[in-house]
Each structure stands twice: as structure tokens, then as C-alpha cells.
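Using the sequences plus the hints, can you model the full thing?
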Amino acid sequence: AQSVTQLDSHVSVSEGTPVLLRCNYSSSYSPSLFWYVQHPNKGLQLLLKYTSAATLVKGINGFEAEFKKSETSFHLTKPSAHMSDAAEYFCVVSESGGYQKVTFGTGTKLQVIP
Amino acid sequence: DAGITQSPRHKVTETGTPVTLRCHQTENHRYMYWYRQDPGHGLRLIHYSYGVKDTDKGEVSDGYSVSRSKTEDFLLTLESATSSQTSVYFCAIRWDRGYEQYFGPGTRLTVT
Numbered sequence: 001a002q003s004v005t006q007l008d009s010h011v012s013v014s015e016g017t018p019v020l021l022r023c024n025y026s027s028s029y030s031p032s033l034f035w036y037v038q039h040p041n042k043g044l045q046l047l048l049k050y051t052s053a054a055t056l057v058k059g060i061n062g063f064e065a066e067f068k069k070s071e072t073s074f075h076l077t078k079p080s081a082h083m084s085d086a087a088e089y090f091c092v093v094s095e096s097g098g099y100q101k102v103t104f105g106t107g108t109k110l111q112v113i114p
Numbered sequence: 001d002a003g004i005t006q007s008p009r010h011k012v013t014e015t016g017t018p019v020t021l022r023c024h025q026t027e028n029h030r031y032m033y034w035y036r037q038d039p040g041h042g043l044r045l046i047h048y049s050y051g052v053k054d055t056d057k058g059e060v061s062d063g064y065s066v067s068r069s070k071t072e073d074f075l076l077t078l079e080s081a082t083s084s085q086t087s088v089y090f091c092a093i094r095w096d097r098g099y100e101q102y103f104g105p106g107t108r109l110t111v112t
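Here the protein sequences line up with chains A and B, keeping their order.
The opening position of the first sequence corresponds to residue 1 in our numbering, with each subsequent residue numbered one higher.
The opening position of the second sequence corresponds to residue 1 in our numbering, with each subsequent residue numbered one higher.
For the record, the hints were derived by calculation from the structure and aren't laboratory data.
Virtual Cβ for every residue (Gly too), placed ideally from N, Cα, C.
Accuracy of the hints is not assured; some may be wrong.
Some chain B residues near chain A, calculated using beta-carbon distances under 7 Å [claimed, not checked]:
| id | residue |
| --- | --- |
| 1 | 40 |
| 2 | 42 |
| 3 | 43 |
| 4 | 99 |
| 5 | 100 |
| 6 | 103 |
| 7 | 105 |
| 8 | 106 |
Cβ-Cβ distance ranges computed for the label pairs, FRET-style [claimed, not checked]:
| id | chain 1 | residue 1 | chain 2 | residue 2 | range |
| --- | --- | --- | --- | --- | --- |
| 9 | A | 10 | B | 77 | 29 to 37 Å |
| 10 | A | 77 | B | 5 | 32 to 40 Å |
| 11 | B | 77 | A | 14 | 45 to 53 Å |
| 12 | A | 54 | B | 38 | 29 to 37 Å |
Structural data, given as C-alpha cells:
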């Protein structure tokens, strides 16, 4: 069985300050992990992915995430928030193989204060 | 852009009526998925397909059926819509050799 927990439903940061969105996962297999972003009334866009290569993964728009197996975490970070980063972010865990069961976290809404 | 379109983009329907949502892809991907998105739940898998006429249930499949008669089209049908099926529905594809999924723009369905 697999699961994913996003530890904060809402995060508020000031423009120009660092962003940290936390995600813990549980998986019986070596998982693949993803972060997606969803802007209001839009679809989901892939930010970055971890698929058992480098544990520090760089994504689009300056975001990165570090896979920590010992902590079962995959937190999303960005050094300096922009107003355009205001959106909802989803952490996703996937077991490889077959149809690839995918489990979504419940999402973290990021507010960026000017 | 993974070449995914969904139609209609918005629909309002009455309880008890049948509704069909269409997902169309242009790149011949084998795997296709239907999700629903509701506040506080993230996305939940309804049904998925791993080829023409090959489909299976996801975690919230009750009240939904799917069909895939062509590679490019994956249809989601609500046989008799209920208010609990008011949601935003997303279609997704996965490349055969990849792990990540790519999503369509979504369909907002309201059942009154």
C-alpha cells in the first residue's frame, strides 16, 4: 500500500522569502515521486520528478525537492518566492510497473504576500 | 503540452440524466486515466485504460463507466448523474516508458 501526506494545507510566505512545502510518503516499493502545481481554474502541471536517480531533483521555475529515504520525505523548496508561485501544490507517489498506481496528496495552497 | 483535450469544458446537468465526458489525445499514448478533484481530497482515480478496450476500475469507480474504442479517445460516462458527482474531472496520459502523468485542462461538471 502507498500513501502520501502533505503536512500543511496552507502555507503563507512573503515575496522574496524561501518556500518549503512538506510531503511524507509511504510505499512498499521503491517509489517514484512527483510535485505538480495547479494555478486557479487550471490543469495540473508537472514541476519535478524523482525516479531513483539523483536524490536532489531540480524542476521548473526554480523549484527543487530532495528525496530522503530515511525520513520518507520529499519536500519542495524554492529560495525566493514570486507572486506567480501562488497556487496549489500536490505531492504524488507512484509505484512503478503495471498500470502504475498513483496516489495524490490532498494539496498545499501557497499564498505569496507582496 | 501533451496534446490532451477534454470536452465539454463546462457542463450543468440535472440529477438522473446521463452524461458523457470525452478525453482526446493526439500522441498515441497507451495509458489513459480519469480522475475527479474535490476540495480536501486531491485527485482520486476513477478508471484507467491500458489499451483499446482494456480498462479497469480505480478507487472511486461506483456510478461511472468508461470506454475506449480508439487509442485517442477515452470516454467517461455517468449513467445517472447524482449531486455527489459534481466535481472537476481530469483526464491524464502516461508515456509508455515514463512514470509521470500529463493532464488535460479539466471539465467542470455541476449536477443540480
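Going through the hints against the structure:
1. 40: This hint holds: residue 40 (chain B) lies near chain A, its Cβ roughly 6 Å from the closest one there, short of 7 Å.
2. 42: 4 Å, holds
3. 43: 4 Å, holds
4. 99: 4 Å, holds
5. 100: 5 Å, holds
6. 103: Hint holds; residue 103 (chain B) Cβ to chain A Cβ min 4 Å, cut 7 Å.
7. 105: 5 Å, holds
8. 106: 5 Å, holds
9. A:10 x B:77: 29 to 37 Å: 36 Å, holds
10. A:77 x B:5: 32 to 40 Å: Once the Cβ atoms are compared, 34 Å apart, the range 32 to 40 Å for residue 5 (chain B) and residue 77 (chain A) holds.
11. B:77 x A:14: 45 to 53 Å: Since the Cβ atoms of residue 77 (chain B) and residue 14 (chain A) sit about 47 Å apart, the hinted range of 45 to 53 Å holds.
12. A:54 x B:38: 29 to 37 Å: Given a distance of about 34 Å, which is inside 29 to 37 Å, the answer is holds.
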